[in-house]
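Chain residues, written in single-letter form:
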Amino acid sequence: MIEWQAIVGHYNYYVTVFLMVAGLYIVIAHGNMIKSLIGLGLFQTSVYLLYISPGKIVGGTAPIIDPKYTDYSNPLPHVLILTAIVVGVATLALGLALVVRISEEYGTVDEDEIVAMDQDQ
Amino acid sequence: MSSLQEHLPILQILVPLFGAILTAFTRSGTTAWAIAAVSSAISPFISAALLIKVTTTGQPISYVMGPWAAPWGIEYRVDLLNGFILLLVSLIGLVSIPYARKSVAQEIDSHKQSWFYTMYLLCLTGLLGICITGDAFNAFVFLEVSSLSTYTLIALGRQRRALVSAYQYLVMGTIGATFYIIGVGLIYIVTGTLNFVDLAARIGPAMPELSRPIIAALAFMTVGISLKLALFPLHVWLPNAYAFAPSFATAFLAGTATKVAIYLLLRIFYTFFSNAIPFYSLPISEFLLVLSLAAMFVASFTAIFEENAKRMLAYSSVAQIGYITLGIALANKIGLAGSLVHMFNHAIMKTALFFALGAMVYRTGVARMSSLSGIGRKMPITTAAFVVAGLGLIGVPGTAGFISKWYLAMGAIEHGWIWLVFLIVLSSLLAVVYVGRFIEIAYFREPSSDIADSHEPPLSMLAPLIALAAATIYLGFDTRLTGGVARQIADFLLSGVVLGGTQ
Amino acid sequence: MFAEPTTLVLLALVIPLVAAVLIPLFNNQPNLREAVTLLAAGSVAVVVWSLYGPVMAGARPELHGPEIVPGISLGLKVEPLGLIYALVASTLWIVNSIYSIGYMRDNSEPRQTSFYVCFAVAISSAIAIAFSANLVTLFLAYEVLTVSTYPLVTHKATDDARKAGRKYLLLLIGTSMVLLLPAIIATSAIAGTAEFTPGGILANKLAPAAMMGLLALYVFGIGKAAVMPVHFWLPAAMVAPTPVSALLHAVAVVKAGVFSILKIVVYVFGIDTLQTTGAADWLIWVPAGTIIVASLIAMTKDNLKARLAYSTISQLSYIVTGALLATSLGVVGSGFHIVTHAVGKITLFFCAGAIYTALHKTEISELTGLGKVMPFTFAAFTIGTLSIIGLPPLGGTWSKWYLALGAIEGHKLAIVAILMISSLLNIAYLLPIPFKAFFGKRPASAGAAATHGHAHDHADGKIHEAPTACLIAIGATSLGCVLLFFYPDFVFDLLKQIPLR
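Residue numbers (our numbering), protein chains in the order written: chain Y, 0 to 120; chain Z, 4 to 506; chain D, 575 to 1075.
In isolation and in its complexed conformation, chain Y is listed as follows (with noise of 0.2 Å):
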């Protein structure tokens, strides 16, 4: 007997863990310094994910207390999740400022050239 709707159940955390390692192999695989930028933020958003979709519950609603609802979905994710992507922008903004700095330096922004340049001198 296999227990489907425990595995379908748990889709939330597939797509996280999915969104989680491609983008993790994005910023291993990739030279290209802005697309590793772009994995670095995919695999944060992954993280968003995991902390929003077990706040949820079915059928419940906004934690207002109003005697008609019963079941609440917990808020505490939200406000963590909107740090957490205060953060992830900072970092993304500040991943590509240095890129930008460094292609003007550099002339170049893959990873690999800029490390045999550097080699060189």
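Take these hints with a grain of salt, some might be off.
Ranges between beta-carbon positions, derived for each pair [to be verified]:
1) D:Q603 x Y:V114: 54 to 62 Å
2) D:G616 x Z:T33: 52 to 60 Å
3) Y:A61 x Z:S113: 50 to 58 Å
4) Z:A108 x Y:E103: 41 to 49 Å
Everything labelled a hint here was simulated from the structure, so no lab data went into it.
Here the structure is a predicted model, which means the values were calculated and not measured.
For every residue, glycine included, the Cβ atom is placed at its ideal position computed from N, Cα and C.
Got chain Y sorted already, so can you dock chains Z and D onto it with the hints?
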């Protein structure tokens, strides 16, 4: 005054944070430095007051944000462990700041100087925040505050390679922080709480049913933090970052950033996972032991053959972090105390070494070993301070490093691992080689043309350096602050009742 | 008596350090600078000698510092064995300082200020080793001694000197870190203390095999004792200026090594424990072998200082062997040999330096027939040689006699035989030097070689001695060799005070 006393935990964070905001609005480097100096000078007094209060009352200090009581709101909680680390970080901040003025003025363009101090203060805020917070997610936020400012500090180095180093550190650091937050997410799903104290209470009961996600969370957090603390082999970002950052940033970061990451690891291992998973029941201890030994030997070997003096010290840092994690892996009282003692001692010694090297770079503009030959005759005081701190790194008795190694070796003996004692001392021998190599070049070679007209650095750079070198010796004789407090902390970490009388 | 014994202990340590601080202040006034050294040397000797009376009367002045690692604090305690070593080091420092002034000036050595500073620090640490109350204090002083003598070894800053310095540092710090430190840590963990205690602290705490392992860690970990195979640093360190070789590598540094071993045998293991467990029974053959092998190597060396270095290695092993005999007479013999070998060997090194200063000769084969040029120096050399060999009427006689008695007491006749053979070897490699100098004929070519090497032509046999300061020092130590034969009692009385149980 009593109300001020009550608010000390939040002031610890607010003082540098407001300093950072103020500096962001200044244009003059000198004003920014003055603001940074005031904030950095206040910090150690707050940490000292906190630590004294914790040691005298024997109770942790809890500080709650707004009307939200813990565990719902964010709690700041100071116990012996983080009180000790807070003091360490803010002390390094205090001694660094006089050094910063001249060093930064030379290395950073004048219109960027105030931003540089903003980043420094943000970094200090983040590091102090990681230490003081009692909330796992809040720790992540502070971790990122400190990390982002660190990337910026590194990128401000004069060579273009600083940019690449900062980029690489950014990528690896973000992966590390994200791993940590994945771990936090998993235990949050399991327990529904983020407060360290509350977590400790809830993980235990949840363990029988949900052991898999909890162990996965522990694994994610361990790997993530290991990246930040540069545990071998996750250290690859460190040598370049330290080598190309501005001298002042390198010295400050070497003394503080990795130590704070180690603190976070200790917090996770010993305070909230220890209830659920006794540290020794997982193979983490063995892994950590092997990786620590690898760090001690591989990184030291690399340091021996390194031509750039800054990178040499950076690799030495990786090796010395190996000693600290070794103490954690020993997981007994004396070994753990050794780990804490070495955190403190290494922070002092390595900051002194980077200060000395920074002063040499300040005068000569070079950091290559071959260019620094004969520097001992041109800058005798700076070089002497370097040698003293270097002897500390080796662990020569009479210096702070000896005390750390004694504790670690005693910890190994308590397990009956005599072989480990030999490995510890053997790796010190590698430090003899790389420190000795510098000494030989500095004193027994004719001065090179690069350093022909160099002389001692200005007093503002020399004084902090001498203070730290003196501290290296002083801490080799008076161990009440290091050994004494560290043993109390180790007791407290291993007692299992760490969380002392919950709410 | 002019002060409390505890104050004296502290003074003996602090005076050289104060001198080390004062010396650089007189960087440009050599006369004042040397006056500081001499004054310090004189007052340290007075201070240490005035401890003699109280210690003989049974006083054991103690000083305790802060606790640095759990259960162990830095501490000083004067006991008879340590006092002997301190007496030797401090007394010979005076003689050596006088000699140094003549030698360093006449050879116009560079960086004399740092030379005298390092010297003073080295003496202070040697005295700290002598008076150390526990293993950790001893280790601390031991390492300070290594570090402070490293600049002396590399003093000439030539490639050779740098290489020798590297060997010196690596071997001495290496052995002490890798072997001695674990031994100390293990001892403190097993015994629960690291204090030097009469009768030892390890009785019934270790299996015989483990005891042997621990003893081996100490014997090889104390690289300064130069027991083979950790002896390489000593011949290498001979590149240093001769006063350094004389005081440090015949007296302070190497004696610090053998003294530490002796002290550890007596106060950490306890000779009774060693006897009953038989832990030293195998190990003793290592220093015994060193005695013979080093003597044989010495024969092959033509460089005078190298030959003396190997002779030192051999003689040091007498002391280690005496200690490992673990008998009361062996301890007395070892303790006495620390004194007589120091006085004898320093004489020989002084002579070697004098020959170098006056004639710029370093090889033994070049010395033939030079006895008439430097009669005083070679006469002193003969006295030193005879004392090392152990012939009356010189001090060396007593130490060999007691070492042999100790070997008989320990039922080790083979050791007695080794001592005898080694005496013959001593005769074979040392005595020919003064003999050929006095009675050998100078080869014709040597005179010619000397003319372009040095301004004087010594073939005419005109007397050309080293500077007066050197001669005073040489005379004093040669006299010491003789006096130790006729008046050995003050040393013996002290040695008999050593609490063996």
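Comparing the hints with the structure gives:
1. D:Q603 x Y:V114: 54 to 62 Å: 58 Å, holds
2. D:G616 x Z:T33: 52 to 60 Å: 55 Å, holds
3. Y:A61 x Z:S113: 50 to 58 Å: 52 Å, holds
4. Z:A108 x Y:E103: 41 to 49 Å: Distance hint for A108 of chain Z, E103 of chain Y is violated at roughly 25 Å.
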